[in-house]
Each structure stands twice: as C-alpha cells, then as structure tokens.
Amino acid sequence: MAALVEARDLAKHFTASRSIGEMLRGARPVVHAVDGVDLSIARGESVGLLGESGCGKTTTGRLLLDLVRPSAGSIRFDGDDLATLDRKGRARFRRRAQLVFQNPFDALNPRFTIARVLAEPLVNAKLPRVEHGERIARALERVRLPPLARYGDAYPHQLSGGQLQRIVLARALVLDPEFIVADEPVSMLDVSVRAGVLNVLREVRDTMGLAALYISHDLALVRYVCARTLVMYLGIVVEDGPTVDVVRTPLHPYSRALVMAVPVPRVDQSHAKLPIIGNVPDARNPPSGCRFRDRCPQAQARCAAETPALRDVGQQRRVACHFV
Amino acid sequence: MAMILEVENLHVHYRTNRGNVRAVDGASFSVPRGSVVGLVGESGCGKTTAARAITGVMTRNASIPEGAIRFDGTDLTTLDARSYAALRWRDIAFVPQSAMNSLDPVYRVGKQLEEVLVVRGGSTRRAARQRAAELFELVGLDAHRLRDYPHQFSGGMRQRAAIALALALTPKLVIADEPVTALDVIVQRQVLDVVRELQQRLNLSMILVTHDISVVAYVCDQVVVMYAGQVVETGPTGSVLERPAHPYTMGLTNAFPDLERSSGQLTSIDGDPPDLLTPPPGCRFAARCPFALARCHVEAPPRTAIEAGHHASCWRIDEAASLRDQAREVATWQRS
Chain R
0 MAALVEARDL AKHFTASRSI GEMLRGARPV VHAVDGVDLS IARGESVGLL GESGCGKTTT
60 GRLLLDLVRP SAGSIRFDGD DLATLDRKGR ARFRRRAQLV FQNPFDALNP RFTIARVLAE
120 PLVNAKLPRV EHGERIARAL ERVRLPPLAR YGDAYPHQLS GGQLQRIVLA RALVLDPEFI
180 VADEPVSMLD VSVRAGVLNV LREVRDTMGL AALYISHDLA LVRYVCARTL VMYLGIVVED
240 GPTVDVVRTP LHPYSRALVM AVPVPRVDQS HAKLPIIGNV PDARNPPSGC RFRDRCPQAQ
300 ARCAAETPAL RDVGQQRRVA CHFV
Chain L
0 MAMILEVENL HVHYRTNRGN VRAVDGASFS VPRGSVVGLV GESGCGKTTA ARAITGVMTR
60 NASIPEGAIR FDGTDLTTLD ARSYAALRWR DIAFVPQSAM NSLDPVYRVG KQLEEVLVVR
120 GGSTRRAARQ RAAELFELVG LDAHRLRDYP HQFSGGMRQR AAIALALALT PKLVIADEPV
180 TALDVIVQRQ VLDVVRELQQ RLNLSMILVT HDISVVAYVC DQVVVMYAGQ VVETGPTGSV
240 LERPAHPYTM GLTNAFPDLE RSSGQLTSID GDPPDLLTPP PGCRFAARCP FALARCHVEA
300 PPRTAIEAGH HASCWRIDEA ASLRDQAREV ATWQRS
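From first to last, the protein sequence lines are chains R and L. Note that the first sequence covers residues 0 to 323 in numbering that gives the first Met the number 0. Note that the second sequence covers residues 0 to 335 in numbering that gives the first Met the number 0.
Hints are not guaranteed to be accurate.
One-sided and incomplete, this derived list gives chain R residues near chain L with beta-carbon spacing under 8 angstroms [as the list claims (entries may be wrong)]:
1. Ile-19
2. Val-122
3. Ser-186
4. Val-192
5. Ala-194
6. Leu-220
7. Arg-222
8. Val-246
9. Ala-256
10. Leu-257
11. Ala-260
12. Leu-273
Chain L stretches covered by chain R per the calculated footprint, using a threshold of three residues with CB under 8 angstroms from any CB of chain R [what the hints assert, rightly or not]:
13. 180 to 191
14. 200 to 213
15. 232 to 245
16. 264 to 272
These aren't lab readings, by the way, just hints derived from the structure by calculation. Bear in mind the structure is a predicted one, so any value in this text is a computation, not a measurement. We put the CB at the ideal spot given by N, CA and C, even for glycine.
Using the sequences plus the hints, can you model the full thing?
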C-alpha cells in the first residue's frame with residue numbers, strides 16, 4: 000500500500016521555561032517533545048496514537064498537519080515534502096488534511112451560527128457558494144445529524160456536547176479531506192453520547208476511505224476505531240502493530256503495563272500489580288539508551304548503553320526493545 | 000449489614016434566577032460499614048451534589064428541603080454548622096477531583112498535613128510530624144517529599160497526597176469525587192490500587208463518585224446508579240454490571256468499550272436528560288428509553304427488589320432479561 004502520510008525521523012524540540020538558576024547559568028533547556036518518529040499511514044487507514052500526557056502524541060499530530068514546523072526530519076503527504084510546498088501547494092494541503100478538535104465546547108466560535116461554522120472552511124477554501132449547501136448537507140449526513148434547516152440558526156451553546164462534537168467532525172469533513180487527525184475526539188463527552196460519536200467515526204472510516212490518526216490515551220477507544228496502533232513514550236514510538244495484537248500480546252514492556260492498566264467494565268478482572276516502576280521522568284533529561292529503562296522491570300546494562308531501534312519483528316509489528 | 004451511612008429520600012435544590020433546580024430529587028441509598036460504594040451517573044445527574052450534601056459543604060444557593068442523611072446514628076441534616084464542622088475531616092473526609100483543590104499551593108505539603116493533625120486532631124507538633132511521614136508511606140509516597148510544595152508533585156502524587164490528607168484523622172467515611180478522572184491510565188491504576196489496599200487494610204467505608212463504570216468495577220463493592228437526580232438502580236457491583244435491570248444502566252454498560260471483549264458495536268443513548276427545573280412526571284428516563292410504555296410517562300416506577308440487595312426502579316422489571324438482550328442491539332437505541 001502506498002503511504003499517504005509518511006514521516007521520517009520526525010523531531011520537534013521546544014525551549015523549556017527556565018528556573019532562575021538556569022537563567023543565571025545561561026542554560027537553555029530543551030524539551031524533546033518528539034524525538035525521531037517514523038510512521039506511515041496508508042490511504043483509508045485508521046491509526047491510533049496512544050500514550051500518556053506529555054509523551055508527544057499531540058505534537059506529532061500537529062506536525063503531520065503542518066501546524067508546527069519540525070525541528071528535524073521530514074513529512075511527505077501523497078509524495079510531496081511538506082517543507083518544500085509553495086503557498087498554493089500548502090493551501091491545497093490544508094484542504095486535504097483536517098484537524099478534529101478535542102473540546103467541542105471550545106472549538107466553535109460562540110458568536111457564529113452553526114450554519115456559518117460549517118460554511119467557514121468552504122469560504123476559506125474559496126469554493127463557489129453554490130456548492131456550499133450540498134457539501135454541508137453531505138457532511139451532516141455522514142455524522143448522522145439532521146438537515147441544517149432545523150438548527151442552522153442556532154448558536155453552539157444551544158446544542159448538546161454530543162451534537163457539538165458531531166458538528167466539529169462535520170466541519171472537518173465538509174472539504175472532503177483525505178486525511179484527518181482527531182485529538183482525543185470523545186474525551187470531553189459523557190459516556191452515553193460518546194458511543195454515538197465513536198460509531199460515527201467508524202462509519203466515516205468505512206464509507207469515506209479516509210486516512211485518520213486518532214490521538215488518545217484510551218486504549219479501549221483506539222481499539223474500537225483503529226486497525227493499527229502506535230504506542231508512544233517520551234517522544235518516541237516504542238511499538239507499532241495491528242491493534243488486536245498490541246492489545247492481546249503487547250511486546251514492549253511499556254505497552255504491556257499500559258494494556259494492563261486499562262480498567263475493564265467487569266468485576267472479574269486482574270488486580271495484579273503493574274509491571275512498571277516509578278513515574279514518568281523529566282522530559283528535559285530523558286534517560287540514556289532506552290527511555291523506558293528506569294521504569295522497566297526487565298532493564299539491563301545494555302539498555303542504558305544502547306538505544307533500541309524501532310525494528311521490524313514480523314507480522315506487521317515493530318518494537319523498540321532489545322529483548323523482543 | 001450494619002450501615003455507616005443511610006441517605007433517605009434526599010432532596011437538594013439549587014435556587015437560580017430561572018427557578019428551583021431539583022438536582023437531587025428523592026435519592027435513597029446506604030453505605031455498609033467497611034465497603035466501597037460507587038455513585039455513578041453522567042454530568043448533571045446529581046451525584047456530586049449528593050456527595051457534597053453528605054459532607055455538608057454546599058454552595059450558598061443549595062438547600063435540603065426534605066430527606067435524611069443518617070451517619071452513624073445521627074441525622075446530619077439536623078446539625079448546625081458548628082457540629083457539622085466538628086464532624087468533618089474527623090469522621091467524614093473528602094477527596095476532591097482535582098487534588099489542587101485540597102492542597103494549598105503556598106505551603107509545603109507536609110506542613111498542610113501537620114496542620115490538620117494539630118489543629119483538628121489535637122496532636123502535638125512532634126507527633127504530627129511523625130504521623131505525616133506515616134501517612135505518606137501509607138499512600139506510597141516518599142517521606143522526603145513532605146518538604147515539597149504541591150507544584151513539585153506530579154498529578155498522581157498530588158492525588159495520593161490528597162488521599163493522605165483525607166485519611167489523616169482516620170475518618171469513618173471517605174467521600175472521593177472523581178479521584179482519578181484527571182489522571183493517565185497507569186497513574187490512575189496506581190492510585191486506585193492505593194485506594195483498594197488502604198480500604199482493605201483500614202476497613203474504610205467509602206463513597207466513590209465517578210462516571211466511569213470501569214473504575215466502579217475495579218474498586219467498588221456496591222453501585223448506586225443515578226439519573227436526573229434520582230437513584231435508578233442499586234446493588235452489588237457484579238450483579239448490577241452483569242445483570243442490569245434498569246434500561247439506563249443497560250445503556251450505560253453497553254456504551255463502554257471493553258478492551259478484552261472486542262468488536263461488538265457500542266450503543267449510545269440518544270437525547271438529553273430532562274431539565275431539572277421542571278422534571279417530567281413518571282420515570283425520568285422515559286423520554287430516552289427505547290422500552291418506555293405509556294404508563295412510564297405518567298407514573299413513577301417504584302423501587303423493586305430483583306435479587307439479594309439488588310433494586311431497580313422500572314415498570315418492566317419482570318422483563319429485564321429480555322430487555323437486556325434487546326439493549327445490546329444498536330438498532331434498539333436508534334430513533335428515527
């Protein structure tokens with residue numbers, strides 16, 4: 000399968016805020032939010048990017064959409080390097096790749112009517128006005144919302160969270176993109192409406208043949224919508240494989256702890272202690288070698304000396320661990 | 000079973016300029032001594048209001064027009080502010096959702112623990128210092144960190160510190176409001192493990208307010224499911240989660256993705272909860288319920304026993320088994 004989105008050695012470094020001591024010493028600490036990520040997403044493929052807060056998953060999503068510029072590495076979209084796009088090419092890319100925001104209550108301008116919210120991307124893309132109605136109608140149908148006539152004049156605060164999140168999704172789909180990045184698309188919603196949005200995401204995946212990156216800390220959600228999953232830890236991808244396999248037989252010690260930590264809505268579940276030590280280390284000074292080593296129960300001397308590469312281990316799986 | 004807490008027909012109203020919001024409207028449940036009770040429901044169902052009413056810390060516009068909260072024999076609703084204050088922390092402790100709400104950012108964490116022990120617990124400074132170290136150890140924190148300020152702690156550590164603070168005076172009842180919601184999965188699990196272990200070791204009685212059924216399944220012995228200000232189902236966790244008898248509980252359990260059981264489609268409950276300014280007559284859930292009969296819209300269903308300790312309020316409770324099967328189908332919940 001030809002990749003639609005392809006990132007090579009992607010890195011993003013941010014200058015961290017400094018303490019007074021660091022200012023006096025003239026130190027300029029840097030956070031390696033994303034530190035060498037390789038990934039590819041095929042046309043029509045839904046990939047989950049899983050990790051805890053601060054692991055760099057949101058930054059990765061923003062890099063792929065060209066919302067922040069990488070410090071190193073390259074991103075290709077449909078063969079074109081994003082860094083070399085001219086103005087016209089960039090405008091075209093903006094139409095083909097869209098972001099679905101996390102918090103539907105913040106993502107919509109409170110002073111725009113729903114009709115205007117949905118038309119805005121079309122206006123920005125300079126599409127002829129005659130097409131607007133039809134495109135909006137199609138997008139609403141995809142997210143299973145009734146036709147606009149019933150609430151087009153309403154303002155965002157008059158709609159419920161579930162409806163708003165569907166509007167946010169419809170706004171991203173109104174330009175018929177080929178790629179979307181959805182950053183925690185349901186984390187702000189109540190459980191009873193969350194399932195509805197997840198089902199819409201699945202339908203959109205199946206009917207539009209959309210390539211999608213779902214960023215989430217919730218493995219159960221990723222499992223529900225994504226065929227493939229990438230697990231991130233402190234700025235790097237530690238595991239990549241079919242979601243089913245990552246859930247059933249996680250290979251990286253971090254993924255193992257992560258899978259075990261996910262609570263299930265049943266009484267008969269394991270209460271065993273998690274195979275993980277301590278807390279997430281300071282992202283400004285990650286450990287040498289394997290970044291997970293000081294929390295890994297299996298770590299050995301080699302893990303401190305040598306950084307494990309994300310290597311192919313067969314059956315479409317990749318792992319960054321010396322002992323797999 | 001001896002009950003540490005019995006909430007009976009509790010009503011909590013909020014005065015607003017639009018009128019009286021009946022946030023809790025006739026809720027009854029109890030907490031057996033030494034067990035963890037999960038209070039579940041969605042935003043606005045009244046679970047936090049009910050929990051706050053028990054601690055006696057409510058906003059100015061809140062009132063309890065009706066109902067009783069019996070704690071260890073005393074009806075808390077009859078207490079004056081002073082006797083309530085004496086009870087709080089010593090007998091009933093509270094762990095808020097965001098630990099930053101219980102920790103003062105300008106004092107060292109250890110200092111705050113000692114303060115509680117000295118001022119409320121009447122211990123000496125020296126004894127307090129030692130006890131603070133013990134408490135830190137109890138929740139799995141290094142005693143060195145007592146000298147740190149809250150901002151130097153990670154989210155999970157803060158939540159542990161908040162738990163230590165709540166346990167400082169060995170209360171009889173701990174009420175935790177979404178104690179792990181803001182945490183990452185791994186940290187969440189670690190904090191839940193601390194809660195479980197402490198609960199078993201100290202034989203604590205607890206109320207855990209949460210929207211997350213998985214959290215309930217992991218730590219709670221009993222569940223109380225709330226909807227629109229009322230309790231719709233209560234019972235032992237296993238019984239309620241495996242054989243839910245109220246359609247709302249059925250919908251809720253089927254809306255949760257389960258990591259180990261794959262594929263099956265999730266169901267969502269269309270519509271919104273009713274406006275609590277003017278709650279509808281009959282069953283509050285009727286408007287969203289796929290199984291509602293004409294009667295459900297008019298007459299409120301009584302609380303009915305299903306099996307030992309398991310109750311639900313639904314007119315079609317005798318058909319629960321067949322409704323459960325139908326509730327698993329997405330089509331059941333879809334409305335034209």
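Structure-based check of all given hints:
1. Interface hint status for Ile-19 (chain R): violated, as the beta-carbon distance to the closest one in chain L is roughly 15 angstroms, over 8 angstroms.
2. Here the hint on Val-122 (chain R) is broken, as its CB sits about 31 angstroms from the closest CB of chain L, past 8 angstroms.
3. Taking 8 angstroms as the C-beta cut-off, the interface hint given for Ser-186 (chain R) is violated, the closest approach to chain L being about 10 angstroms.
4. Taking 8 angstroms as the C-beta contact cut-off toward chain L, the hint placing Val-192 (chain R) at the interface holds, the least distance being around 6 angstroms.
5. Annotation: interface hint on Ala-194 (chain R) holds; nearest CB of chain L at approximately 4 angstroms, less than 8 angstroms.
6. Checking Leu-220 (chain R) against chain L: minimum C-beta separation of about 6 angstroms stays under 8 angstroms; hint holds.
7. Annotation: Arg-222 (chain R) was flagged as interfacial toward chain L, and the flag holds, the nearest CB pair being 6 angstroms apart, inside 8 angstroms.
8. Because the smallest distance between the Cβ of Val-246 (chain R) and any Cβ of chain L comes to about 6 angstroms, under 8 angstroms, the interface hint for this residue holds.
9. For Ala-256 (chain R), the suggested interface contact is upheld, since its CB lies about 6 angstroms from the closest CB of chain L, less than 8 angstroms.
10. A hinted interface residue such as Leu-257 (chain R) counts as satisfied when its beta carbon comes closer than 8 angstroms to some beta carbon of chain L; here the least separation is about 6 angstroms, so the hint holds.
11. Against a cut-off of 8 angstroms between C-beta atoms, the interface hint on Ala-260 (chain R) holds, since the closest Cβ of chain L lies about 4 angstroms away.
12. A distance limit of 8 angstroms between C-beta atoms decides the matter here; for Leu-273 (chain R) the minimum to chain L is near 6 angstroms, and the interface restraint holds.
13. Judged by the Cβ-Cβ criterion of 8 angstroms, the region 180 to 191 of chain L is covered by chain R as claimed, because 8 of its residues qualify and three suffice.
14. Only residues whose beta carbon comes within less than 8 angstroms of a beta carbon in chain R count, and the region 200 to 213 of chain L has 4; three or more means the coverage holds.
15. Chain R is given as covering the region 232 to 245 of chain L, and this holds because 4 residues of the stretch bring a CB closer than 8 angstroms to a CB of that chain, at least three being needed.
16. Coverage of the region 264 to 272 of chain L by chain R holds [criterion: at least 3 residues with CB-CB distance below 8 angstroms; count 7].
Hint check: violations occur at hints 1, 2, 3; the rest are consistent with the structure.
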